[in-house]
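The sequence shown runs contiguously to residue 148 in numbering that gives the first Met the number 0.
Hints may contain errors.
[Said to hold, decoys possible] The following label-pair restraints were derived from C-beta to C-beta distances: (1) Asp-95 / His-25: 33 to 39 Å; (2) Glu-51 / Ala-76: 32 to 38 Å; (3) Lys-22 / Pro-62: 17 to 23 Å; (4) Arg-144 / Gln-18: 27 to 33 Å; (5) Lys-107 / Asp-72: 22 to 28 Å; (6) Val-79 / Ser-103: 30 to 36 Å; (7) Asp-72 / Ala-128: 17 to 23 Å; (8) Glu-51 / Trp-105: 27 to 33 Å; (9) Glu-135 / Ala-76: 26 to 32 Å; (10) Trp-34 / Asp-142: 30 to 36 Å; (11) Tyr-3 / Glu-51: 36 to 42 Å; (12) Ile-91 / Glu-124: 33 to 39 Å; (13) Lys-131 / Glu-51: 15 to 21 Å; (14) Tyr-3 / Lys-122: 20 to 26 Å.
[Said to hold, decoys possible] The calculated lysine to aspartate or glutamate pairs, modelled on DMTMM-like cross-linking and capped at a C-alpha distance of 20 Å, are: (15) Lys-22 / Glu-136; (16) Lys-148 / Asp-85; (17) Lys-109 / Glu-136; (18) Lys-82 / Glu-119; (19) Lys-107 / Asp-89; (20) Lys-109 / Glu-119; (21) Lys-38 / Asp-85; (22) Lys-131 / Asp-52; (23) Lys-27 / Asp-52; (24) Lys-15 / Glu-129; (25) Lys-27 / Asp-89; (26) Lys-22 / Asp-108; (27) Lys-40 / Asp-72; (28) Lys-40 / Asp-52; (29) Lys-115 / Asp-59.
If you are wondering where the hints come from, they were derived from the structure by calculation, not from laboratory data.
It should be emphasised that the depicted structure is a prediction, and the values quoted were computed from it without experimental measurement.
Don't be surprised by glycine CBs; every beta carbon is placed ideally from N, CA and C.
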Amino acid sequence: MSSYKQIIYQIIFRTKHSQKTLKSEHNKILFKYIWGIIKNKNCHLYRINGMEDHIHILTDLHPGIALADFVRDIKTASSVWLKGSDYFPDFIGWADCYAALTYSYWDKDKLINYIKNQQEHHKTESFEAEYKRLLEEHHVKIDERYFLK
């Protein structure tokens, strides 16, 4: 029996307290590690990139995996790896919250370019503004009491 699906997620999560602990000169190593986690879960990574305080992952999700479990596993495994790595000595953890936004397959190339160009994009928009804008564009109700806490 086959299951058919076409769901693309942009998953965004940040460092604890939005601390700038993901040093850009070593991020490729982190992204490769996360790609391995995603691959081992039979999911396809379209693009990963980020800044010193957050990352964006564009991926599909295997139908046998719950989104919350997928994100938890990525955050847990990468947190252990980051804390044990000499590349990211100031990393203390990921923030509890994350955003997982769904997109049409037809948006894939536009999203790949958006994620690829994070460094350029964040010259004009802060992470907080970007995060709020993306949530609002997807009609996600923001509870200001907990936003980026």
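To see whether the hints hold, each was checked on the structure:
no.	hint	in the structure
1	Asp-95 / His-25: 33 to 39 Å	violated, 24 Å
2	Glu-51 / Ala-76: 32 to 38 Å	violated, 20 Å
3	Lys-22 / Pro-62: 17 to 23 Å	violated, 36 Å
4	Arg-144 / Gln-18: 27 to 33 Å	violated, 21 Å
5	Lys-107 / Asp-72: 22 to 28 Å	holds, 23 Å
6	Val-79 / Ser-103: 30 to 36 Å	holds, 34 Å
7	Asp-72 / Ala-128: 17 to 23 Å	violated, 29 Å
8	Glu-51 / Trp-105: 27 to 33 Å	holds, 32 Å
9	Glu-135 / Ala-76: 26 to 32 Å	holds, 31 Å
10	Trp-34 / Asp-142: 30 to 36 Å	holds, 32 Å
11	Tyr-3 / Glu-51: 36 to 42 Å	holds, 39 Å
12	Ile-91 / Glu-124: 33 to 39 Å	violated, 25 Å
13	Lys-131 / Glu-51: 15 to 21 Å	holds, 19 Å
14	Tyr-3 / Lys-122: 20 to 26 Å	violated, 41 Å
15	Lys-22 / Glu-136	violated, 29 Å
16	Lys-148 / Asp-85	violated, 27 Å
17	Lys-109 / Glu-136	holds, 15 Å
18	Lys-82 / Glu-119	violated, 28 Å
19	Lys-107 / Asp-89	violated, 33 Å
20	Lys-109 / Glu-119	holds, 15 Å
21	Lys-38 / Asp-85	violated, 24 Å
22	Lys-131 / Asp-52	holds, 15 Å
23	Lys-27 / Asp-52	holds, 15 Å
24	Lys-15 / Glu-129	holds, 17 Å
25	Lys-27 / Asp-89	holds, 17 Å
26	Lys-22 / Asp-108	violated, 27 Å
27	Lys-40 / Asp-72	holds, 10 Å
28	Lys-40 / Asp-52	violated, 25 Å
29	Lys-115 / Asp-59	holds, 17 Å
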